[in-house]
Amino acid sequence: MSGETNKAIECSEFDRLLMEALDGALSGDKLKRFHAHARACSACGPLFAEIDAGRRLLRSLNEVEPPAHLVNNILAATAGLDTARLELPGRTVALQPAWLDRLENWVAPVLAPVFALVRQPRFAMSFGMAFFSLSMALNLAGVRLGDVHHVDLRPSALVRQYHMTAGRVVKYYENIRFVYEIESRVRDLKRATTPAEPAPRPEHQRKDNNTSQHEPKPERNSSWGDNQPMLASGRQDRLVTIACASRRLV
Amino acid sequence: MEDVQVVAALIRRCIAGDAAAWEEIVRRYHRRIYNLCYRFAGSGEDAQDLTQEVFIKMYKTLNTYDDERAAFMTWITSITRNLLVDHFRKTKHDRMTDSLDVPVSEHEDAMPLSHRMEDHSPAPDARLQSRETGESVHHALQKLSPELREAVILRDLQDMDYREIATVLRVPEGTVKSRINRGRAELARLLERTYKQVM
Chain A
1 MSGETNKAIE CSEFDRLLME ALDGALSGDK LKRFHAHARA CSACGPLFAE
51 IDAGRRLLRS LNEVEPPAHL VNNILAATAG LDTARLELPG RTVALQPAWL
101 DRLENWVAPV LAPVFALVRQ PRFAMSFGMA FFSLSMALNL AGVRLGDVHH
151 VDLRPSALVR QYHMTAGRVV KYYENIRFVY EIESRVRDLK RATTPAEPAP
201 RPEHQRKDNN TSQHEPKPER NSSWGDNQPM LASGRQDRLV TIACASRRLV
Chain B
1 MEDVQVVAAL IRRCIAGDAA AWEEIVRRYH RRIYNLCYRF AGSGEDAQDL
51 TQEVFIKMYK TLNTYDDERA AFMTWITSIT RNLLVDHFRK TKHDRMTDSL
101 DVPVSEHEDA MPLSHRMEDH SPAPDARLQS RETGESVHHA LQKLSPELRE
151 AVILRDLQDM DYREIATVLR VPEGTVKSRI NRGRAELARL LERTYKQVM
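For the record, the sequence lines run as chains A and B. If you read the first sequence in the numbering used here, its first letter stands for residue 1, the second for the next number, and so on. If you read the second sequence in the numbering used here, its first letter stands for residue 1, the second for the next number, and so on.
There's no promise every hint is true.
Simulated crosslink set (DSBU-like; lysine-lysine; CA at most 30 Å straight-line) [what the hints assert, rightly or not]:
1. A:Lys-190 - A:Lys-171
2. A:Lys-30 - B:Lys-90
3. B:Lys-57 - B:Lys-143
4. B:Lys-90 - B:Lys-60
5. B:Lys-60 - A:Lys-32
6. B:Lys-90 - B:Lys-177
Calculated directly from the structure, the hints in this document are not laboratory data. In this text the structure is predicted, and so the values were computed from the model without any measurement.
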């Protein structure tokens, strides 16, 4: 720097005195030497001029008048807030910042990029769809979100809830068992009062008959002929079916 | 009673639930906070919202203020600065589309900066006191990086001393001074460049 060799003052000294000079704290011989260096040094002079111009421009800005309704808006906004925390009896001004604020200050910079990413329209759309699906599923399952905040989560309440639910399940089971018992009794009574039907033929007899004559199977769909392959089943099953059908054709 | 004691009494009354004390605090500090928000955020509408947020935050955390650690004004400025930084991060995307032709705020006429700067005066110094210059400086201030902007605002517009600024910004005093000088120089360069482009 050209000013390094200046006799009156060096650039490092100039830098050190810069703030004092701008704040008007320099006087006498020091101030003279400072200005002498500013005039002589090609680096420090323009820098000082720029900083001084910037300072004067900033200080030329007038105070802006806030809107007339601002105070009322602030008072209205703070009127509804919970002041329970402030009104503790005998509480003096605390010396430590709230742990929640400290946590917020610590977490906010970490989460800021994540929130910036999440706020993008494509993610917003995905979240919207996910929320819609979830609300549909909950609705179908009979869960109403409005009731969630009424749920009592105290341990004693949870135990009571468990016993009440268990009782309801047992009662439901007992009721069903009672209905089945009644039904079986009624069935027994019917069987006892109606005349006996001829017993079904034994299984081996039916098998013998099948070998001699082809009886159509009642449960098979009539649209599916014996010689049609089952296209909807697995590959192996289909091959077996095709093989069976071709054997019959032969 | 001194101002510090008056403020301490107001805070105590406010913590005890005195609504009049809270109103007094709001009336005392809303102008200063509004100006800080306006100069940092650039828009009057944002400044209103931010000022309101500052007071809501202040109201909720008034019992955490420690008068031995910092002056009440420094504490309020810290809250404001934190909210302004959050606001800056949130609105980062919106500012990318900002241009010279966008009006700065409702405190100015709807004329864009490029039109306002079509002034026929020879040098910026001659227009130092004019309204147009004030608006140009305000607009140029928005172009500074947030670190430099907050430093020059606190020093040159809020008249805070270096130690208080260091407390608010949580950086050493040397860094504060360096940022202030860089901010001032950058602002002067920006305005000079803009005038050269327009004229």
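Consistency of the hints with the structure:
1. The straight-line distance between the Cα atoms of A:Lys-190 and A:Lys-171 is roughly 29 Å, inside the 30 Å bound, and the hint therefore holds.
2. Under the criterion of a C-alpha separation no larger than 30 Å, the hint pairing A:Lys-30 with B:Lys-90 is inconsistent with the structure, at around 47 Å.
3. Simply put, B:Lys-57 and B:Lys-143 have alpha-carbon atoms about 28 Å apart, close enough for the 30 Å limit, and the pair holds.
4. A C-alpha spacing of about 22 Å is found between B:Lys-90 and B:Lys-60, which places the hinted pair at or below 30 Å, so the restraint holds.
5. With a C-alpha separation of about 52 Å, the suggested pair B:Lys-60 and A:Lys-32 falls outside the 30 Å cut-off, and the hint is violated.
6. Taken as a hint, the B:Lys-90 and B:Lys-177 pair is honoured in the structure, with Cα atoms around 28 Å apart against an allowance of 30 Å.
In this structure, the earlier hints numbered 2 and 5 are contradicted, and the remaining ones agree with it.
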